[in-house]
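Asks: Kindly produce the complete structure, drawing on both the sequences and the hints.
For the protein sequence lines, the chains are A and B, in the order given. Under the numbering used here, the first residue of the first sequence carries the number 414, and numbering increases by one thereafter. Under the numbering used here, the first residue of the second sequence carries the number 414, and numbering increases by one thereafter.
Misleading hints may appear alongside valid ones.
Which copy? The list can't say, so a pair holds if one copy fits it or any two copies do.
To be verified - When the alpha-carbon atoms are kept at most 20 angstroms apart in a straight line, the in silico SDA-like pairs for lysine to any residue are as follows:
1) Lys470 to Lys717
2) Lys560 to Gly617
3) Lys560 to Pro632
4) Lys660 to Ser620
5) Lys469 to Gln684
6) Lys662 to Leu623
7) Lys644 to Glu590
8) Lys644 to Ser751
9) Lys710 to Tyr493
10) Lys586 to Phe573
No wet-lab data here; the hints were simulated from the structure. Just so you know, these numbers come straight off a predicted model, no measurement behind them.
2 protein chains.
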Amino acid sequence: MDTFEIDSALDMHLHLRDGDMLKLVGPLTSETFSGALVMPNLVPPITTKEALLSYKKRIKEACIEDKFEPYVTLFFQNDYSYSFLEDIKDDIIAIKLYPAGITTNSETGVSSMDVEVLRPTLESMSKLGIPLCIHGETNGFVMDREKEFMPIYESIASSFPDLKIIMEHITTKDAIELLDKYDNLYATVTLHHLLITLDDVAGGMLSPHLFCKPIAKRPEDRDALLNAALKAHPKLMFGSDSAPHPKHKKECCGCAAGVFTSPIALQVLTQLFEENNSLDNLNAFISLNAQKIYDFKPLNKKVKLEKKKFVVPSSYKFKGEDVVPMYAGEVLNWSISSIEDKRD
Amino acid sequence: MDTFEIDSALDMHLHLRDGDMLKLVGPLTSETFSGALVMPNLVPPITTKEALLSYKKRIKEACIEDKFEPYVTLFFQNDYSYSFLEDIKDDIIAIKLYPAGITTNSETGVSSMDVEVLRPTLESMSKLGIPLCIHGETNGFVMDREKEFMPIYESIASSFPDLKIIMEHITTKDAIELLDKYDNLYATVTLHHLLITLDDVAGGMLSPHLFCKPIAKRPEDRDALLNAALKAHPKLMFGSDSAPHPKHKKECCGCAAGVFTSPIALQVLTQLFEENNSLDNLNAFISLNAQKIYDFKPLNKKVKLEKKKFVVPSSYKFKGEDVVPMYAGEVLNWSISSIEDKRD
Chain A
414 MDTFEIDSAL DMHLHLRDGD MLKLVGPLTS ETFSGALVMP NLVPPITTKE ALLSYKKRIK
474 EACIEDKFEP YVTLFFQNDY SYSFLEDIKD DIIAIKLYPA GITTNSETGV SSMDVEVLRP
534 TLESMSKLGI PLCIHGETNG FVMDREKEFM PIYESIASSF PDLKIIMEHI TTKDAIELLD
594 KYDNLYATVT LHHLLITLDD VAGGMLSPHL FCKPIAKRPE DRDALLNAAL KAHPKLMFGS
654 DSAPHPKHKK ECCGCAAGVF TSPIALQVLT QLFEENNSLD NLNAFISLNA QKIYDFKPLN
714 KKVKLEKKKF VVPSSYKFKG EDVVPMYAGE VLNWSISSIE DKRD
Chain B
414 MDTFEIDSAL DMHLHLRDGD MLKLVGPLTS ETFSGALVMP NLVPPITTKE ALLSYKKRIK
474 EACIEDKFEP YVTLFFQNDY SYSFLEDIKD DIIAIKLYPA GITTNSETGV SSMDVEVLRP
534 TLESMSKLGI PLCIHGETNG FVMDREKEFM PIYESIASSF PDLKIIMEHI TTKDAIELLD
594 KYDNLYATVT LHHLLITLDD VAGGMLSPHL FCKPIAKRPE DRDALLNAAL KAHPKLMFGS
654 DSAPHPKHKK ECCGCAAGVF TSPIALQVLT QLFEENNSLD NLNAFISLNA QKIYDFKPLN
714 KKVKLEKKKF VVPSSYKFKG EDVVPMYAGE VLNWSISSIE DKRD
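Replies: Below, the structure written as structure tokens:
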């Protein structure tokens, strides 16, 4: 097959940042994606309706107009009242929970993952039908952090059977196995965790541009993630976790975590699914699964790809910002030939 | 205790490089260490008597004269003849074996670790009493490379019971356990592998200056190494594997592996052994064990340390070279108060 069409691609885990960085990366996502679930870990994080609507407005201004829907999220707090959540319910797609200090801008996350501590907000969310997205890592040894979080997922999933829980950016075989154990557990997986292991980060030279949180794990973990994605496991969605960091913060002594994949995600996914004879499942993985899980209808956007060499830019720039994408300077086998946008 | 004396400190695994880098790091080691086993992985590697003696001469010229003995090594090759080894025997302390491509400048290492392939050289070494130092890693997944090498150590140790085999820079619990299984197996351990795990390299921000090969492993591995060192396990020697890389090759996109510890090793080891109530064992770990294992008498050099703050320089420079040490800019509790050098 030399051409392929992706319908209404959705990125269910995206960092768009703010300011000039938003103006740089917003257009890159909104060019090819129909919509994206946007993370709320700004500084300060999004915890009020005012901040939420204002951020949504800034995203819409930065993105390609009328061709992209940002699905915004709230930063989880233990003390959200039922009435506050009821009022904000229609403006958000989900609430994102971060353990405190676990990743970029998560300092004000929850300091205890005890179900009883989280209960007030979770009970309201469950009643109101607001999904819960979780960054599921403990502060243990870096290779064990996600695995150690599994009992916490289990405890929340069993305590709130009506709450939809999304395990974000999963990286392990353990998380894939947990997916099938609880009806109300779902997951996103990134592009890079389908492709790399710790070997790619630190097995040869050290590769700052592949350093991310959660860190890439073992070959058997990557294989389990890839197999589930290729067969479009119905509880698994694509979420790039594409996280732009300025070049100087990646190539330095003590560099920040995050891989920037938005502008190359569709091309690489097409190549990956084609190589594994799974192109028939790509639209489910990248759009239909998310529509069913979150129960919404995205903007209609068709991206046509063709099997034609595409050289990934060495970096993307806007004003003072300079972001290096995954596969910078390398050649991909698939490129985007046209984008068709139809409002229903 | 507020003072401590180290007698004839030996670094049994050291990279001194060549040229200006040798002129920068040679004096830093030879100031405090009585002697060091110097690795032969130059470009090209040391494989002839001429190259060996010429390198030894350059090291002596670069180091503090008459106060330091470089114990030089040959780069293992499958085709060394018995007569060549017999002739070079008294000029070397050991021969170092690298699997091809496994670390810096090891491209011309052996391409098979099959005992039968290695047999000719190993049989000659065994007969002549030349110890074998091994960089024991497979080319598997980065966290498994040393563990996967254990059967190869076992195969060589059991095939050549009279050959002294040193497992270099061990990083795992598995290697510590193997030490006690074969009479002819010994090991060196670095300073940094007594102190760090993968968490320190990639658990928070990425730390290029702690990136090394073999990569730092899990907490239980570090604990096993530290316990063995603190009790001065008689088959374990200190070998810093101190490896200077120019600053620009560490703080860049795709950085080189190696931690530079030579100028701070004695201070940090004293602090570490004191904190663990093991100062009585430090001289065995850092000198006596190596003297017994390799059967030699080092130059007499006494280093007196006192419990007094020492700020580690942010880098060491010589001409165009600029090397960042471990703990750059940080404060240590012990400093060197005097160095006494006596020729017997």
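Asks: Could you place lysine 710 and tyrosine 493 in one of the four classes (within, between, both, neither) given a Cα distance threshold of 20 angstroms?
Replies: Close neither inside one copy (28 angstroms) nor across copies (72 angstroms); limit 20 angstroms.
Asks: Which holds for lysine 644 with serine 751 at a C-alpha limit of 20 angstroms: within a copy, between copies, both or neither?
Replies: neither (26 angstroms within a copy, 68 angstroms between copies)
Asks: Quick one: lysine 560 to proline 632, C-alpha cut-off 20 angstroms, is that within a copy, between copies, both, or neither?
Replies: So lysine 560 and proline 632 pass the 20 angstroms test inside a copy (15 angstroms) and across (16 angstroms) alike.
Asks: My question is about lysine 586 and phenylalanine 573: at a cut-off of 20 angstroms on alpha-carbon distance, are they close within one copy, between copies, both, or neither?
Replies: Cα proximity of lysine 586 and phenylalanine 573: none, with 24 angstroms in one copy and 42 angstroms across.
Asks: My question is about lysine 644 and glutamate 590: at a cut-off of 20 angstroms on alpha-carbon distance, are they close within one copy, between copies, both, or neither?
Replies: Answer is within: at 15 angstroms inside a copy they meet the 20 angstroms cutoff, but 43 angstroms across does not.
Asks: Please work out whether the CA atoms of lysine 660 and serine 620 approach to 20 angstroms or closer within one copy, between two copies, in both situations, or in neither?
Replies: both (13 angstroms within a copy, 16 angstroms between copies)
Asks: Reference check for the pair lysine 560 and glycine 617, CA-CA at most 20 angstroms: within, between, both, or neither?
Replies: Classified as between: cross-chain Cα gap 18 angstroms, same-chain 25 angstroms, threshold 20 angstroms.
Asks: Reference check for the pair lysine 662 and leucine 623, CA-CA at most 20 angstroms: within, between, both, or neither?
Replies: Classified as both; 13 angstroms inside a copy, 18 angstroms across copies.
Asks: Is it within a copy, between copies, both, or neither that the alpha carbon of lysine 469 lies no farther than 20 angstroms from that of glutamine 684?
Replies: Answer is neither: 32 angstroms inside a copy and 54 angstroms across each miss the 20 angstroms cutoff.
Asks: Using 20 angstroms as the alpha-carbon threshold, which applies to lysine 470 and lysine 717: within, between, both, or neither?
Replies: neither (29 angstroms within a copy, 67 angstroms between copies)
Against the hints set out earlier in the document, violations occur for numbers 1, 5, 8, 9 and 10.
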